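Asker: Required output: the full structure, derived from the provided sequences and hints.
Protein sequence lines, in the order shown, are assigned to chains A and B.
For the first sequence, the working numbering begins at 254 and goes up steadily by one.
For the second sequence, the working numbering begins at 254 and goes up steadily by one.
Hints in this document: simulated from the structure, not taken from any laboratory.
Don't take every hint at face value.
You can't tell identical chains apart in this list, so a pair holds if it fits in one copy or across any two.
Heads up, simulated DMTMM-like pairs for lysine to aspartate or glutamate below, C-alpha to C-alpha not over 25 Å straight-line [to be verified]:
hint : residue 1 : residue 2
1    : LYS642    : GLU711
2    : LYS642    : ASP508
3    : LYS761    : ASP332
4    : LYS642    : ASP567
5    : LYS642    : ASP592
6    : LYS642    : ASP540
7    : LYS527    : ASP494
8    : LYS527    : GLU263
9    : LYS761    : ASP302
10   : LYS728    : ASP592
11   : LYS527    : ASP498
12   : LYS739    : ASP590
Remember, predicted model here, so these are calculated numbers, not experimental data.
2 protein chains.
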Amino acid sequence: MNETDRRTAEGILYTDEYQLTMAQLYFRAGLHVRPAQFDHFFRTYPAYDGHQAGFCVNAGMGWLLDWMHGAAFRPEDIDCLRSTRNRAGQPVFGDDFLAWLAGNSPGFFDSLTIRAVPEGRVVHPNTPLTVVEGPLAVAQILETSLLSHLNYQTLVATKAARIKDSARGRVVMEFGLRRGQEKGANAGARAALIGGVDFTSNVGISHVLGFPPKGTHAHSMVQVFMSLGMSELAAFRAFADVYPDDCLLLVDTIDTLHSGIPNAITVFEELRRKGHQPSGIRMDSGDLAYLSIQAARMLNDAGFPDASIVLSNDLDELVIWQIITQISEEAARYGVDADHLINRLVYGVGTRLITSWGEPALGGVYKLVAVQDGGKWVPAIKISESAEKTPNPGNKRLWRLYDRRCKATADLISLDDEDPREAARITLRHPTDHARYRALERADLCEIEPLLVEVFREGRASEPAPIDEMRARRKADVERLDAGVKRLVNPHIYHVSLTQNLWDLKQKLIESAMQRSH
Amino acid sequence: MNETDRRTAEGILYTDEYQLTMAQLYFRAGLHVRPAQFDHFFRTYPAYDGHQAGFCVNAGMGWLLDWMHGAAFRPEDIDCLRSTRNRAGQPVFGDDFLAWLAGNSPGFFDSLTIRAVPEGRVVHPNTPLTVVEGPLAVAQILETSLLSHLNYQTLVATKAARIKDSARGRVVMEFGLRRGQEKGANAGARAALIGGVDFTSNVGISHVLGFPPKGTHAHSMVQVFMSLGMSELAAFRAFADVYPDDCLLLVDTIDTLHSGIPNAITVFEELRRKGHQPSGIRMDSGDLAYLSIQAARMLNDAGFPDASIVLSNDLDELVIWQIITQISEEAARYGVDADHLINRLVYGVGTRLITSWGEPALGGVYKLVAVQDGGKWVPAIKISESAEKTPNPGNKRLWRLYDRRCKATADLISLDDEDPREAARITLRHPTDHARYRALERADLCEIEPLLVEVFREGRASEPAPIDEMRARRKADVERLDAGVKRLVNPHIYHVSLTQNLWDLKQKLIESAMQRSH
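Answerer: Right under this line is the structure:
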């Protein structure tokens with residue numbers, strides 16, 4: 254795609270056609286500037302090959318706000334829309350509507366106000382993660398881009414948080430650029446860093462975000478030397494010559510145990526004699542648990558107990574968990590201390606992180622929850638085939654309740670005029686099952702925290718937080734989760750509840766919608 | 254990401270760190286301008302939840318060539334690289350190497366020659382889809398971007414071809430923008446069109462590629478009207494007023510059979526009286542096979558046998574196949590002609606196409622196959638843990654053999670100096686199993702077609718083909734596949750073979766590499 258085309262494809266026309274046809278309809282019906290409110294939320298945690306997550310990590314807003322900044326229906330965009338024909342060969346979009354789009358550009362989205370849960374925070378299903386308020390047609394046109402920016406980054410930040418947890422906090426590197434959805438992999442690298450990955454091999458995005466990119470060499474380097482009549486050892490020596498202080502050698506081009514590791518040790522000894530400390534080895538194939546133990550034994554015997562052992566090759570949180578489990582059980586019989594080995598492991602995670610393997614999309618949605626009529630908010634409701642899919646109506650607030658241990662015990666959705674911090678007793682209603690609720694005394698709680706923060710108003714985005722701050726939020730939030738919620742397989746289900754008032758409103762609306770429709 | 258950062262993240266630093274560290278090593282070893290050849294290929298077909306495809310559709314080269322055009326290590330990029338520090342706090346990249354990168358910019362890749370299988374062609378595993386030849390360090394630095402551009406588009410074009418086939422050639426629309434990997438969804442929409450999808454809802458990319466974007470309305474439109482005290486019927490009427498010639502109504506906001514379809518029929522009758530032909534209905538939830546039959550019955554009874562029935566909601570090739578199967582078996586008992594109904598169905602395919610659900614990445618790789626030494630090409634080989642993963646060495650050509658019915662019967666990889674069209678008898682060797690081969694007489698074949706075409710030389714890319722031409726290639730190639738190869742589940746395995754000479758070379762290299770490594 255050339256640069257002109259890219260501006261068309263990634264500018265304000267980065268949207269679905271129906272957003273524009275609906276916007277024109279609202280324009281014709283005089284409803285386009287009617288204040289409306291949309292909630293963005295997801296309905297279920299990702300379930301990786303059936304293993305449902307117990308929490309998600311919110312991400313993506315920073316880049317959405319960048320995209321919104323100065324967004325405009327440029328003359329070129331208007332020309333595109335003007336050229337769109339219906340089945341009868343007539344223009345789909347009228348000049349009046351196109352003039353309105355152009356007349357509100359640049360800064361087309363400046364009339365919106367957005368509240369959101371900050372990036373890096375742990376989040377749960379069916380809670381408003383982003384609340385967009387403003388003219389109906391403007392808020393409608395934002396939908397696709399908002400979902401595109403938030404769904405994917407939240408998906409990857411979540412997967413990264415699981416991987417980091419499974420790696421017991423050891424260094425994890427993101428290697429997925431070649432296996433992502435083209436330029437989307439940059440968003441994936443950002444989300445991976447927010448979610449807990451420590452570095453990425455992606456050079457450009459590392460520099461943009463202020464993280465040092467990481468990488469060593471590929472099999473091809475060894476092959477080049479061998480093709481020219483030289484050996485793996487010569488290739489390793491050449492690498493050590495150029496990178497004596499970052500000498501991390503890929504040892505599985507020929508034979509890991511009989512060629513790669515012995516040759517690496519030879520080079521490490523040469524480096525040590527020259528006063529350099531070798532960095533370590535990487536293994537990208539074979540039985541990584543078994544090979545790690547053997548590599549540790551060989552490196553220990555040669556006097557390199559601190560050399561890192563980097564593992565890569567289709568890793569994800571379950572594979573890492575299994576590798577660590579096997580090492581814990583087997584290392585001792587080879588004379589290797591399991592904990593010492595586990596603490597020198599480093600993980601390179603590619604395909605399965607960047608694609609969120611097992612569940613490659615997050616089903617985040619953007620639903621109308623209220624429209625103003627006569628200066629008053631009227632809650633909107635959609636009666637779906639299932640109670641679970643019926644969104645929570647109206648203008649709302651989101652709270653996190655921490656129990657006496659200061660562990661998060663529930664997320665609570667209230668009406669906009671409710672503040673549970675002021676109540677002595679809080680009733681938590683299950684979002685769909687009328688028989689299930691629990692009551693908490695204020696004294697049972699260590700904290701009630703509001704989660705939504707204003708991020709955009711009158712064309713101004715809030716100051717972007719550094720990635721490190723988002724990482725710190727994630728770390729703090731994950732630590733305040735119950736261990737059961739963090740379990741990789743079959744986690745405990747975190748409570749998401751409604752206040753009694755919101756529950757009552759939802760029931761009333763469902764009833765009246767059902768009556769009107771029958 | 255702002256515009257300055259985007260140029261850094263999507264320019265020539267859109268790569269993995271190790272490409273640059275290896276390039277510097279080659280530079281220091283005086284090997285950086287040594288002519289080398291890399292093959293791009295994938296090793297296995299995607300297996301969607303275990304259902305392995307029987308063919309792939311090649312895509313992505315056009316955008317890779319756009320990315321390569323004028324690619325440069327700009328001063329800003331050089332500054333990024335200069336700032337990279339090793340563990341000892343010293344610069345990773347030396348001024349000599351950085352000067353070489355900058356000195357060969359813009360047009361950094363202009364010294365490469367690229368041959369490739371054209372976009373839209375059916376392709377198979379372990380065959381060279383792209384062959385890159387040129388200075389070792391330059392070809393190495395291209396790797397990540399090449400894989401990023403080709404892997405994902407080939408993945409989606411393949412999925413789209415399966416979906417189009419399963420839809421029996423009916424109209425399929427791509428709806429996945431909100432569920433892709435952010436801006437990568439634009440590449441997905443392009444690939445979906447190459448693979449067989451007819452339209453996309455993605456506005457910007459539609460205009461860039463010259464396809465009309467498609468879309469109707471969302472549930473939110475009905476909700477707006479209901480929130481303001483009006484009805485679903487009022488919303489439908491408003492839509493019909495603005496779009497009388499494209500009136501496609503979403504009927505499942507409240508109750509598909511008891512509200513949506515009856516209201517749509519009311520509006521369709523009003524449109525007909527005004528001389529317009531209604532377009533149809535869309536259903537996005539519920540049992541789509543059952544509802545399709547009921548919708549057809551109701552629309553037929555009301556005198557709208559030509560109104561389309563658009564289905565959406567997590568569709569993919571297997572879901573569509575099941576819907577069509579159920580309609581075939583059940584429609585008659587409700588007085589609906591199954592074939593007539595199947596021919597009015599239209600499919601909106603979102604998440605499962607854009608993410609290639611079930612196998613969200615194609616494992617395309619880029620492997621060194623030859624290096625020049627003393628003016629002669631020396632084949633390179635990597636001995637992996639499995640024979641299947643050992644790449645085919647050397648400078649090669651790729652051929653497709655068509656049998657007497659003019660169906661594709663095998664892809665044949667030969668050495669560069671071989672032309673099977675000149676042989677009376679061709680031996681096809683299995684790529685790894687020495688006991689398996691077959692012989693074909695030239696008279697058994699209707700055609701032997703070379704598949705690789707030069708697409709880039711001396712800084713000039715070949716004229717890009719229009720998407721329609723790529724679509725035509727795909728259609729023709731899919732028609733020349735045996736039915737068994739196209740089967741969605743458990744397809745017949747297409748033959749990929751080596752010539753006797755290539756087989757002999759590969760065995761010789763494996764043997765000598767094994768000897769050297771032990």
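Asker: It remains to establish, for every hint, whether it holds in the given structure.
Answerer: Hints and how they fare:
1. LYS642 to GLU711: neither (32 Å within a copy, 57 Å between copies)
2. LYS642 to ASP508: Answer is between; shortest inter-copy Cα gap is 14 Å, intra-copy 54 Å.
3. LYS761 to ASP332: Neither: 46 Å inside a chain and 62 Å across chains, both beyond 25 Å.
4. LYS642 to ASP567: between (35 Å within a copy, 15 Å between copies)
5. LYS642 to ASP592: neither (46 Å within a copy, 33 Å between copies)
6. LYS642 to ASP540: between (44 Å within a copy, 16 Å between copies)
7. LYS527 to ASP494: within (11 Å within a copy, 82 Å between copies)
8. LYS527 to GLU263: neither (52 Å within a copy, 39 Å between copies)
9. LYS761 to ASP302: neither (38 Å within a copy, 43 Å between copies)
10. LYS728 to ASP592: within (23 Å within a copy, 57 Å between copies)
11. LYS527 to ASP498: within (11 Å within a copy, 80 Å between copies)
12. LYS739 to ASP590: neither (27 Å within a copy, 52 Å between copies)
Of the hints listed earlier, those the structure fails to meet are numbers 1, 3, 5, 8, 9, 12, in rising order.
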